[in-house]
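Generate the whole structure from the sequences, applying the supplied hints.
Chains as they are written, first to last, in our numbering: chain A, 1456 to 1845; chain B, 1456 to 1845.
By construction, these hints were calculated from the structure, which means they are not laboratory data.
Certain hints may be false.
Below, computed lysine-lysine pairings styled on DSS-like, alpha-carbon distance capped at 25 Å [what the hints assert, rightly or not]: (1) B/Lys1665 <-> A/Lys1471; (2) A/Lys1822 <-> A/Lys1580; (3) B/Lys1483 <-> A/Lys1483; (4) A/Lys1665 <-> B/Lys1471; (5) B/Lys1585 <-> B/Lys1610; (6) A/Lys1789 <-> A/Lys1838; (7) A/Lys1802 <-> A/Lys1789; (8) A/Lys1802 <-> A/Lys1838; (9) A/Lys1483 <-> B/Lys1585; (10) B/Lys1778 <-> B/Lys1838; (11) A/Lys1665 <-> B/Lys1831; (12) B/Lys1789 <-> B/Lys1802; (13) B/Lys1690 <-> B/Lys1471; (14) B/Lys1687 <-> A/Lys1585; (15) A/Lys1687 <-> A/Lys1789; (16) B/Lys1778 <-> B/Lys1831; (17) B/Lys1665 <-> A/Lys1687; (18) B/Lys1789 <-> B/Lys1690; (19) A/Lys1483 <-> A/Lys1544; (20) A/Lys1665 <-> B/Lys1687; (21) B/Lys1838 <-> B/Lys1822; (22) B/Lys1665 <-> A/Lys1690.
Protein chains: 2
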Amino acid sequence: MNNFIFYSPTEFVFGKDTEAQTGTLARKYGARRVMVVYGGGSAVRSGLLERVERSLREADIPYCLLGGVLPNPIDTKVYEGIEVCRKEKVDMLLAVGGGSVIDTAKAIAAGVLYDGDFWDFYVGKAVVEKALKVAVVLTIPAAGSEGSGNTVITKSDTLQKLSLRAPGVLRPVFSVMNPELTYTLPPFQTACGVADMMAHIMERYFTNTKEVEISDRLCEGTLMAIIEEAIKVMKEPRNYDARANLMWCGTIAHNGTCGVGCEEDWASHFLEHEISVIYNVTHGAGLSVIFPAWMTWMTEHNVEKIAQYAVRVWGVPDSGDPKAVALEGISRLKEFFSSIGLPLTFKELGVEHPDIDLLVSNLHRNKGEFVGNYVKLTPKDSKEIYQLAL
Amino acid sequence: MNNFIFYSPTEFVFGKDTEAQTGTLARKYGARRVMVVYGGGSAVRSGLLERVERSLREADIPYCLLGGVLPNPIDTKVYEGIEVCRKEKVDMLLAVGGGSVIDTAKAIAAGVLYDGDFWDFYVGKAVVEKALKVAVVLTIPAAGSEGSGNTVITKSDTLQKLSLRAPGVLRPVFSVMNPELTYTLPPFQTACGVADMMAHIMERYFTNTKEVEISDRLCEGTLMAIIEEAIKVMKEPRNYDARANLMWCGTIAHNGTCGVGCEEDWASHFLEHEISVIYNVTHGAGLSVIFPAWMTWMTEHNVEKIAQYAVRVWGVPDSGDPKAVALEGISRLKEFFSSIGLPLTFKELGVEHPDIDLLVSNLHRNKGEFVGNYVKLTPKDSKEIYQLAL
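Have a look at this one:
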């Protein structure tokens, strides 16, 4: 087991009607002027935005609004938000939405207190040393951004989709999580969230770090819970308990609970980012295409942990042939993804003729000669994995 | 799933040589004058105390010392510590030790800023609203106090062993956890720690709250990891990875990761506290006697979750007869406890003739007419459970 720091200071306030506490929580965490960041119309249509605003008014906290964050969020909205925050002297960003909204709020929070271009943080030209406080009212269990210090933004002119990790400063101070808010998510978006949270765990689980039994068990247990609850949610979208279990799984998948003491991988995420940045697909759908392809490739190159996953998560009998066991596990994962409506190939993703050479060259331009850790992928390897997803 | 708050703001700095960071961490968290609290001679003999003091000196943090905390810690040491803290104007308590030391430090931290008797907090006469900061260098994985807001203290004149929960103010700001510090723990103390951390999980796992799959899976996974790693540690006390896995299990068993959204039980802990306060046995050893007795009694009164535990944690085949399945699970737990040197009966605990009527009457005097939640125990029930442990 490697040395590690576990630090998850976010206060998660979880359950029915919890959005009514938003104003009180913002006050508790010292907000004097809030900017509420949100996306498209669903937060407005559902009445959630109005309830959150009411809660802020009841707590006597002045606020301004920044709507219109798109999925796969882009830099232009961040620049807009930074400007408004400076003008309005905002000291807390309140993200009402899913990962795109939260990630945009984090980027703004870091950018407001920085003299240069916020994009410097994403390309590694500067380190985030301070940021405005970020808080969350979560509406989509998927990205785990409500409990992480990470943010992913796309630079619209260069088509770079890059992630930034600044857990010391960018973790939300509080996250309000009401599973009822997820009742009306379209089935496809629910399923994409499932793929995303499973991927967050698997990026940590597939590691060469030995003797990490507690990490393995937490990862496996969370994956098993996600699978079981996702099946229920797809059948009964208004099943509170299933929605609640799934929502909490999404958080612990990414707040550091899973994968302590392990070298993490993240190749599948990076392989996917290149797809969504060019073809504008939903991140989770891209992952349900890429992750099984990555795992299949791994059965030839580093099979051990894939086989353990098959046995412990999917209950594949351990026949003593790790490759066969692993392939059976992958087959069950694909069956599961398919059963909840997720694509398994580029074609099913709606990308009939992906430009694989472009994907590979962008990937290694952005991430360097080698990508990932479980096996350090060369451009030749990345190409083979993309091809397995055709 | 019930509404819940998950809030675990402690920064856990985990791994080899991490105690050298103590001074830097104390400075990061604003300490200006520290009181180092410790127990008997082992922290001195091992050189740990000297290394921690050096780290504080290197960070230019003045400190004073309070040694001599006993297992099953008592109020008199708390009063002593409060007095010293006030005189020396201490603003951070640094506990170097296990649960007794940490719990004493927390009691002092709360008491210093309170005008009345700190014991008021434990008997529910007052609520802890503020406290000095507490930090930890952990030497015994067992109590989980390094990640919890709880403390248990015994009032020496009335023989009341009572717990206090104040998660908003008493959670350590940081906990330094070096598994190497546990290499020299005597086997019996290691085993008692194992029973304690398993009990912390089982107190949460045995619940009537339905549809808590993610909580169940996290509890089961952590229990399985503890069992596997404990067996290794008993055989190879200097196996770093096994010690590391076990140490982290002890933390997540009690920092709130396990049991989110569940009504918790805690009857077994309360049944045990009455034993250790009268017979001064080690808490974990008392638990290894009481918990199987409590579970055995439950097979007659609320078998469902005990049977699930047997199947999922111990791999007992599900025969369709929950009572038989549950009893087989309990039998495997007892076999495991026995194999690592833990007692299973009062006699093995060294208490030949326990005064069960006294235990029962003290228990219900301290905890009220009913104890626990999985089944609300009456004095008659408590007596039957104690008798099952004879």
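Verification of the supplied hints:
no.: 1; hint: B/Lys1665 <-> A/Lys1471; in the structure: holds (16 Å)
no.: 2; hint: A/Lys1822 <-> A/Lys1580; in the structure: holds (15 Å)
no.: 3; hint: B/Lys1483 <-> A/Lys1483; in the structure: holds (22 Å)
no.: 4; hint: A/Lys1665 <-> B/Lys1471; in the structure: holds (16 Å)
no.: 5; hint: B/Lys1585 <-> B/Lys1610; in the structure: holds (22 Å)
no.: 6; hint: A/Lys1789 <-> A/Lys1838; in the structure: holds (21 Å)
no.: 7; hint: A/Lys1802 <-> A/Lys1789; in the structure: holds (15 Å)
no.: 8; hint: A/Lys1802 <-> A/Lys1838; in the structure: holds (17 Å)
no.: 9; hint: A/Lys1483 <-> B/Lys1585; in the structure: holds (15 Å)
no.: 10; hint: B/Lys1778 <-> B/Lys1838; in the structure: holds (22 Å)
no.: 11; hint: A/Lys1665 <-> B/Lys1831; in the structure: violated (44 Å)
no.: 12; hint: B/Lys1789 <-> B/Lys1802; in the structure: holds (15 Å)
no.: 13; hint: B/Lys1690 <-> B/Lys1471; in the structure: holds (21 Å)
no.: 14; hint: B/Lys1687 <-> A/Lys1585; in the structure: violated (44 Å)
no.: 15; hint: A/Lys1687 <-> A/Lys1789; in the structure: holds (18 Å)
no.: 16; hint: B/Lys1778 <-> B/Lys1831; in the structure: holds (20 Å)
no.: 17; hint: B/Lys1665 <-> A/Lys1687; in the structure: holds (15 Å)
no.: 18; hint: B/Lys1789 <-> B/Lys1690; in the structure: holds (19 Å)
no.: 19; hint: A/Lys1483 <-> A/Lys1544; in the structure: holds (19 Å)
no.: 20; hint: A/Lys1665 <-> B/Lys1687; in the structure: holds (15 Å)
no.: 21; hint: B/Lys1838 <-> B/Lys1822; in the structure: holds (15 Å)
no.: 22; hint: B/Lys1665 <-> A/Lys1690; in the structure: holds (19 Å)
Hint violations for this structure: numbers 11, 14, all remaining hints satisfied.
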